[in-house]
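Protein chains: 2
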Amino acid sequence: MTYPVTAATTPHRLRDRVGYDRAAVHAVLDEAWYCHLAFVADGAPAQLPTMHVRLGETVYLHGSTGSGPMLAARAAGGLRVCLAVTLLDGLVYARSQFHHSANFRCVVAHGTAAPVTEAAERDRAFAALVDKLGPGRAADSRGVSPREHAQTALLRLELTEVSLKSRAGAPADDPEDLDLPHWAGVVPLRLTPGTPVPDAGTAAPAPAYLPS
Amino acid sequence: MTYPVTAATTPHRLRDRVGYDRAAVHAVLDEAWYCHLAFVADGAPAQLPTMHVRLGETVYLHGSTGSGPMLAARAAGGLRVCLAVTLLDGLVYARSQFHHSANFRCVVAHGTAAPVTEAAERDRAFAALVDKLGPGRAADSRGVSPREHAQTALLRLELTEVSLKSRAGAPADDPEDLDLPHWAGVVPLRLTPGTPVPDAGTAAPAPAYLPS
Numbered sequence: 000m001t002y003p004v005t006a007a008t009t010p011h012r013l014r015d016r017v018g019y020d021r022a023a024v025h026a027v028l029d030e031a032w033y034c035h036l037a038f039v040a041d042g043a044p045a046q047l048p049t050m051h052v053r054l055g056e057t058v059y060l061h062g063s064t065g066s067g068p069m070l071a072a073r074a075a076g077g078l079r080v081c082l083a084v085t086l087l088d089g090l091v092y093a094r095s096q097f098h099h100s101a102n103f104r105c106v107v108a109h110g111t112a113a114p115v116t117e118a119a120e121r122d123r124a125f126a127a128l129v130d131k132l133g134p135g136r137a138a139d140s141r142g143v144s145p146r147e148h149a150q151t152a153l154l155r156l157e158l159t160e161v162s163l164k165s166r167a168g169a170p171a172d173d174p175e176d177l178d179l180p181h182w183a184g185v186v187p188l189r190l191t192p193g194t195p196v197p198d199a200g201t202a203a204p205a206p207a208y209l210p211s
Numbered sequence: 000m001t002y003p004v005t006a007a008t009t010p011h012r013l014r015d016r017v018g019y020d021r022a023a024v025h026a027v028l029d030e031a032w033y034c035h036l037a038f039v040a041d042g043a044p045a046q047l048p049t050m051h052v053r054l055g056e057t058v059y060l061h062g063s064t065g066s067g068p069m070l071a072a073r074a075a076g077g078l079r080v081c082l083a084v085t086l087l088d089g090l091v092y093a094r095s096q097f098h099h100s101a102n103f104r105c106v107v108a109h110g111t112a113a114p115v116t117e118a119a120e121r122d123r124a125f126a127a128l129v130d131k132l133g134p135g136r137a138a139d140s141r142g143v144s145p146r147e148h149a150q151t152a153l154l155r156l157e158l159t160e161v162s163l164k165s166r167a168g169a170p171a172d173d174p175e176d177l178d179l180p181h182w183a184g185v186v187p188l189r190l191t192p193g194t195p196v197p198d199a200g201t202a203a204p205a206p207a208y209l210p211s
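Which chain is which? The protein sequence lines are A and B, in order.
Here the first sequence stands for residues 0 to 211, where the numbers follow numbering that gives the first Met the number 0.
Here the second sequence stands for residues 0 to 211, where the numbers follow numbering that gives the first Met the number 0.
These aren't lab readings, by the way, just hints derived from the structure by calculation.
Fair warning: this is a prediction, and the values are worked out from it, not measured in the lab.
Some hints could be false.
As the list claims (entries may be wrong) - Per the computed footprint, the stretches of chain B lying under chain A, defined by three or more beta-carbons under 8 angstroms from a beta-carbon of chain A, are:
| # | stretch |
| --- | --- |
| 1 | 18 to 30 |
| 2 | 118 to 125 |
| 3 | 134 to 145 |
To be verified - Calculated from the model, a selection of chain A residues having no Cβ within reach of chain B, i.e. all distances over 10 angstroms:
| # | residue |
| --- | --- |
| 4 | Y2 |
| 5 | H25 |
| 6 | L54 |
| 7 | R73 |
| 8 | A75 |
| 9 | G76 |
| 10 | F125 |
| 11 | E157 |
| 12 | D198 |
We put the CB at the ideal spot given by N, CA and C, even for glycine.
Given the sequences, and given the hints that come with them, work out the whole structure.
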């Protein structure tokens, strides 16, 4: 199952590094804790980092009702966005400077992000955002009050125009460079959780659902 | 020393989470391995993840001469961009769902990215990009050939309109929630280098400048 290839998702170069597989796209969106949301404000590019969660083919984006893109999306019923989610998997050291690179997976999705207005969808998305921090966390926390809902904005973006750029594996030196004396290889990188730091006054033991 | 506050860098909300200190901005740009470059293409927002390096008050962005934003920047002598660099420092578990959050540092810079055309500046920036992967790596690798230079584009962005959004520390529950039985605290996150994986045929020992 793949996403359709469109003008916006056709690469100008390095076509072998671009894919459209839905399962691979989902895996990146689900592993990443945050995303970068790009939009146009007064004709100029702008960006907002925020937290997201995927449910099926919909990505929900968390924001404040007072933030620029959320206000713009509400005023117009939707906001044209470009969503990018990048996971950095390693640094690539080639014998030549030119072939130095990074191993990464990056999902880019284009579309119109629309405010979530229906209460049932809002509650489902909000619980999923909290459960992403730890399966079961939504049930193990105090729910959202009407006053808090009024301060929170959720945008929904359908995954229709989506691509996955990635690089993996060893450096790709030219054959004539392979005998050069410089070390070549990959330094893997991983976003690693440390020991949980309990808040002052927290009597409960650290729950098993925390990332480790 | 701070960056001036402009319309583009004035927050709509949570003003206490936004700063303009140059040293703090530099530290984020220098720690992060990659950035997200947002631009406008045919009226719609677009994004490119790429690697960057900072030299003084200039950020250099690496790209291919064939990529969309690099072509656009060259055609027009510059491209209006929004650069974002985010470091995720932890996940924040509050007693209330509403106060769940993330600890992070995010630099957002607005400006016009221009192609680097002068050879001395190009060479200095390219060496800095390589040295960012390990101090001294540029000298310990094969330099860039004219043919490789022709395939590589560098953009320069002056740091003039810049802000740093950040959150740190414990969850910020409301006083009336502090006695709830749910665990609250922070799970720190850190991008951690693993054991270097040498490329096939690499006889040299792993150099000391690799990140560890």
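Would you pick out the hints that fail for this structure and give their numbers low to high?
Hints 1, 2, 10, 12 are the ones this structure does not satisfy, whereas the remaining hints hold.
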